[in-house]
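*Asks:* Guided by the hints, dock chain B onto chain A, whose structure is given.
Here's the letter readout for the chains.
Number of protein chains: 2
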Amino acid sequence: MNKKGIKLIEKEFKEYIKKIAAYKEALALIFWDLRTGAPKKGVEQRSEVVGVLSSEVFNMSTSNEMESFITELAMGEASLSPTTNKMVQECKKEFVRNKKIPADEFKEFVILQSRSESAWEEAREKADFSLFQPYLEQIVAYTRKFVEYWGYEGQKYNTLLDMYEPGMTVDILDKVFSELRASIVPLVKQIAASEHQPETAFLYKKFPKDKQHQLNLAVLEQLGYDFKAGRLDETVHPFATGINRGDVRVTTRYDENDFRGAIFGTIHECGHAIYEQNIAEELTGTLLDEGTSMGIHESQSLFFENFIGRNYSFWKNKYSLLKEFAPGQFDDVTLDDFYRGINESKPSLIRIEADELTYPLHIMIRYELEKALFNGELEVKDLPKVWNEKYKEYLGIVPENDAMGVLQDVHWSDGSFGYFPSYALGYMYAAQIKQSMLKDLPEFDALLESGNMEPIRKWLNDHVHKYGKTKKPLEILEETTGEGLNVQYLIQYLESKYKKVYKIQ
Amino acid sequence: MNKKGIKLIEKEFKEYIKKIAAYKEALALIFWDLRTGAPKKGVEQRSEVVGVLSSEVFNMSTSNEMESFITELAMGEASLSPTTNKMVQECKKEFVRNKKIPADEFKEFVILQSRSESAWEEAREKADFSLFQPYLEQIVAYTRKFVEYWGYEGQKYNTLLDMYEPGMTVDILDKVFSELRASIVPLVKQIAASEHQPETAFLYKKFPKDKQHQLNLAVLEQLGYDFKAGRLDETVHPFATGINRGDVRVTTRYDENDFRGAIFGTIHECGHAIYEQNIAEELTGTLLDEGTSMGIHESQSLFFENFIGRNYSFWKNKYSLLKEFAPGQFDDVTLDDFYRGINESKPSLIRIEADELTYPLHIMIRYELEKALFNGELEVKDLPKVWNEKYKEYLGIVPENDAMGVLQDVHWSDGSFGYFPSYALGYMYAAQIKQSMLKDLPEFDALLESGNMEPIRKWLNDHVHKYGKTKKPLEILEETTGEGLNVQYLIQYLESKYKKVYKIQ
Numbered sequence: 194m195n196k197k198g199i200k201l202i203e204k205e206f207k208e209y210i211k212k213i214a215a216y217k218e219a220l221a222l223i224f225w226d227l228r229t230g231a232p233k234k235g236v237e238q239r240s241e242v243v244g245v246l247s248s249e250v251f252n253m254s255t256s257n258e259m260e261s262f263i264t265e266l267a268m269g270e271a272s273l274s275p276t277t278n279k280m281v282q283e284c285k286k287e288f289v290r291n292k293k294i295p296a297d298e299f300k301e302f303v304i305l306q307s308r309s310e311s312a313w314e315e316a317r318e319k320a321d322f323s324l325f326q327p328y329l330e331q332i333v334a335y336t337r338k339f340v341e342y343w344g345y346e347g348q349k350y351n352t353l354l355d356m357y358e359p360g361m362t363v364d365i366l367d368k369v370f371s372e373l374r375a376s377i378v379p380l381v382k383q384i385a386a387s388e389h390q391p392e393t394a395f396l397y398k399k400f401p402k403d404k405q406h407q408l409n410l411a412v413l414e415q416l417g418y419d420f421k422a423g424r425l426d427e428t429v430h431p432f433a434t435g436i437n438r439g440d441v442r443v444t445t446r447y448d449e450n451d452f453r454g455a456i457f458g459t460i461h462e463c464g465h466a467i468y469e470q471n472i473a474e475e476l477t478g479t480l481l482d483e484g485t486s487m488g489i490h491e492s493q494s495l496f497f498e499n500f501i502g503r504n505y506s507f508w509k510n511k512y513s514l515l516k517e518f519a520p521g522q523f524d525d526v527t528l529d530d531f532y533r534g535i536n537e538s539k540p541s542l543i544r545i546e547a548d549e550l551t552y553p554l555h556i557m558i559r560y561e562l563e564k565a566l567f568n569g570e571l572e573v574k575d576l577p578k579v580w581n582e583k584y585k586e587y588l589g590i591v592p593e594n595d596a597m598g599v600l601q602d603v604h605w606s607d608g609s610f611g612y613f614p615s616y617a618l619g620y621m622y623a624a625q626i627k628q629s630m631l632k633d634l635p636e637f638d639a640l641l642e643s644g645n646m647e648p649i650r651k652w653l654n655d656h657v658h659k660y661g662k663t664k665k666p667l668e669i670l671e672e673t674t675g676e677g678l679n680v681q682y683l684i685q686y687l688e689s690k691y692k693k694v695y696k697i698q
Numbered sequence: 194m195n196k197k198g199i200k201l202i203e204k205e206f207k208e209y210i211k212k213i214a215a216y217k218e219a220l221a222l223i224f225w226d227l228r229t230g231a232p233k234k235g236v237e238q239r240s241e242v243v244g245v246l247s248s249e250v251f252n253m254s255t256s257n258e259m260e261s262f263i264t265e266l267a268m269g270e271a272s273l274s275p276t277t278n279k280m281v282q283e284c285k286k287e288f289v290r291n292k293k294i295p296a297d298e299f300k301e302f303v304i305l306q307s308r309s310e311s312a313w314e315e316a317r318e319k320a321d322f323s324l325f326q327p328y329l330e331q332i333v334a335y336t337r338k339f340v341e342y343w344g345y346e347g348q349k350y351n352t353l354l355d356m357y358e359p360g361m362t363v364d365i366l367d368k369v370f371s372e373l374r375a376s377i378v379p380l381v382k383q384i385a386a387s388e389h390q391p392e393t394a395f396l397y398k399k400f401p402k403d404k405q406h407q408l409n410l411a412v413l414e415q416l417g418y419d420f421k422a423g424r425l426d427e428t429v430h431p432f433a434t435g436i437n438r439g440d441v442r443v444t445t446r447y448d449e450n451d452f453r454g455a456i457f458g459t460i461h462e463c464g465h466a467i468y469e470q471n472i473a474e475e476l477t478g479t480l481l482d483e484g485t486s487m488g489i490h491e492s493q494s495l496f497f498e499n500f501i502g503r504n505y506s507f508w509k510n511k512y513s514l515l516k517e518f519a520p521g522q523f524d525d526v527t528l529d530d531f532y533r534g535i536n537e538s539k540p541s542l543i544r545i546e547a548d549e550l551t552y553p554l555h556i557m558i559r560y561e562l563e564k565a566l567f568n569g570e571l572e573v574k575d576l577p578k579v580w581n582e583k584y585k586e587y588l589g590i591v592p593e594n595d596a597m598g599v600l601q602d603v604h605w606s607d608g609s610f611g612y613f614p615s616y617a618l619g620y621m622y623a624a625q626i627k628q629s630m631l632k633d634l635p636e637f638d639a640l641l642e643s644g645n646m647e648p649i650r651k652w653l654n655d656h657v658h659k660y661g662k663t664k665k666p667l668e669i670l671e672e673t674t675g676e677g678l679n680v681q682y683l684i685q686y687l688e689s690k691y692k693k694v695y696k697i698q
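Residue numbers (the numbering used here), protein chains in the order written: chain A, 194 to 698; chain B, 194 to 698.
Calculated from the structure, these hints are not laboratory results.
Please note that the accuracy of each hint is not assured.
You can't tell identical chains apart in this list, so a pair holds if it fits in one copy or across any two.
[Unchecked claim] Okay, derived cross-link-like pairs now, DSSO-like style, lysine-lysine, Cα gap no bigger than 27 Å in a straight line:
#1 204 with 285
#2 233 with 421
#3 233 with 651
#4 233 with 212
#5 233 with 211
#6 690 with 398
#7 211 with 234
Isolated chain A, as found in the complex (with noise of 0.2 Å):
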């Protein structure tokens, strides 16, 4: 093949990616949509829409043109650019992985995974795991099926780890988690004996939800999200979407009788949104416009949550302005009241509402659950029966029936599996990026006590956001920090950061 032969392909392969690109865009315009405000009689026609866009971009990333432009220009590959090559390699993985499934099975289980979700629904309103067990028990076997279809190495498990995590493996997981695990665990108990128990009655005062909304629209200005690319809006599930790099919306929710949740969900969300605001300019239409992981980027949005949010610099700057937005209800909480206060932690029972010390734990938990399913070693029948047992023995409480317990995650009734680690893995990465981060930027806290965000959020750009798809996590972290993951930097911040909370010595 000449040159110029593979520089009409490359051309007409960006084209067809670029068609690709639109309807994906159409169909995250559509979900969000769907989530915020979409009017119900409305939504059973939006599926048969999702339905078609979906398939169109199914059938287009495993049709015959998309082989032959895999098999072409993977031959030109020394004459190419970095980013088509990146391009190739994507659109490669989606192809083969796609391609492993029978048509039939996949339309089959795309059917079940809707069933399924309308099953758990109603299992967790009724707190009765017997209504989803039957769908749950398909899913699974599914899922076993499809992982034989596409292979694996080392342990089945790490076939699903490896679809939201690239490159990564139950022996990497199995050796941080438990170094983490033997930390936070002690951790906790010398929490609960502690006789420093920070005061937390004024959190639970009324705040009202227009102040808690202009709080939360000040903070996410102050932080740097670009309201000329994005908008923030209140859905019952907070959650980013970057529609595409100029247009990344954020929503959240507000409990009037707790601030907490709309705040931090929304600081959470914003770097979300700050790292696909970020993303290079020339990768939109190439598919590569997107975070690289969930472990990566969940590493982002707990970056900015726990490291900027839940740090004593921030609120620091930041302690007026709430103030300004909820007048009375801080005026006798002192600064540091106000920050061992919003820093408790305390076992509980849903994952989403853990604070920051206790929520690995509810990770590890589902881990291991996921990793004995695919390796033979668990059924679904006794989920809730283990879940139970573990709970009890990673955070010494019981569910009082299974919505509580083994039903309060949607991820499960999709499918999902594999996806779990990836919160834990973000929160890892996250500590090691700080760490690193710390030796360009000693004055951290400086930055965030005189409010200047910029030079964090810089720094962030060019380590991390600006690559979208083109480096893999494993690659990111490693050029970061010049280490693989080392969960010793989220040890040392939390044995840190909770001993002087709680005053242990």
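*Replies:* Frame of chain A, contents of chain B only:
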């Protein structure tokens, strides 16, 4: 061809159309989003998505596959359902129209359209027609050429009228417009000379935006707008959009110093929306699930805005609701004075701010100019001069500059010639439909006074809404009213109402 063969083709055709409908629905949502709150920085990339989806719709509508469907299904007409036959007819009309334009010229025209719109915006901002003139000249030149490609019966302008109002002709419009003009012009003069000018100072008192919003929500609800199949947002230019029949959204615009814009705008859009919310469910996904023409659509919005919203009995019922949301503003205003105030009529320069009596004159001016442009009696360069002469003649006033005159509407910038008359047609249809409704519901005013909208809405559903595009506009008019277009009903309405408001003997 045997019967089984045709049924299979019908099935495939319907699947094919469903896909087109899905793309159109995605586009409708994107347009809603662009106009309501899409972040600016995302717009450029969103335009790419619009381009991809629009091209797909265009390609599917003009494909060889579509041509086969049309040909083969036309041959089996007798064994197909009436809906399928209507679908084929609509597709054929579209196919033939699009196929007659050489692809290159169509593409050039699409590019010209977007440039021309930008030029118009700038020209209007600077009140300088010369900036827009060269673009408008090209737009007119292309449209003239397209009319030649499309062909015409009688006058060339008929072909353009037919695009928005199938079956409408210059002959019909000349006749009704001259009758209407003969009635309105002297009435406007009588009104100007009347000693009984209504009080209007109370209209301009401050009415807070959030209170107006609540009022508008309440009125929409009471008019029968289904909020489970819609939502109300705020935009610079109010509109209604049927994304699907279960998702028909309206927008409005609040002016704190004149509540009329929002409330009458909302009632107007409500008429459009109730039309689309009540199209028969079985038409979903057939491309027949929209209003049958611009004129019939406008008949529904104007029926709501004028025959309901500006009706004395309506306000007899709603006046206390209004007062509830605007405490104080109307305390000293009797219902009679209020009614006369909101029905003040005065010649004005801006079409979209005109009252219901003088509004048709604005339309007639545009109609006469368009007709002259396409019958070769007028050139673009002379538009400002002729525009001003006609405003002097019809309304007795002359714009200070072209921004207040010939540059005020967006319609010509993208070549929407033939569209303006629909506004006046809709008004005539509405008066004629009202007259016919009175035979079945002589208690019309009493229903409004008691706040019982149900029988009125149901009548409109049964006679107009449910048919969607399965009936042509003139079919609906004739079947509903027993006669063709008759302007006398509108004339009677305007004369009787305005003589009362202005106490003219």
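*Asks:* So, for every hint listed, does it hold in this structure?
*Replies:* Against the structure, the hints come out as follows:
| no. | hint | in the structure |
| --- | --- | --- |
| 1 | 204 with 285 | within (17 Å within a copy, 35 Å between copies) |
| 2 | 233 with 421 | between (29 Å within a copy, 6 Å between copies) |
| 3 | 233 with 651 | between (41 Å within a copy, 22 Å between copies) |
| 4 | 233 with 212 | between (29 Å within a copy, 22 Å between copies) |
| 5 | 233 with 211 | between (32 Å within a copy, 21 Å between copies) |
| 6 | 690 with 398 | within (26 Å within a copy, 58 Å between copies) |
| 7 | 211 with 234 | between (32 Å within a copy, 18 Å between copies) |
The structure fails none of the hints (numbered hints given earlier).
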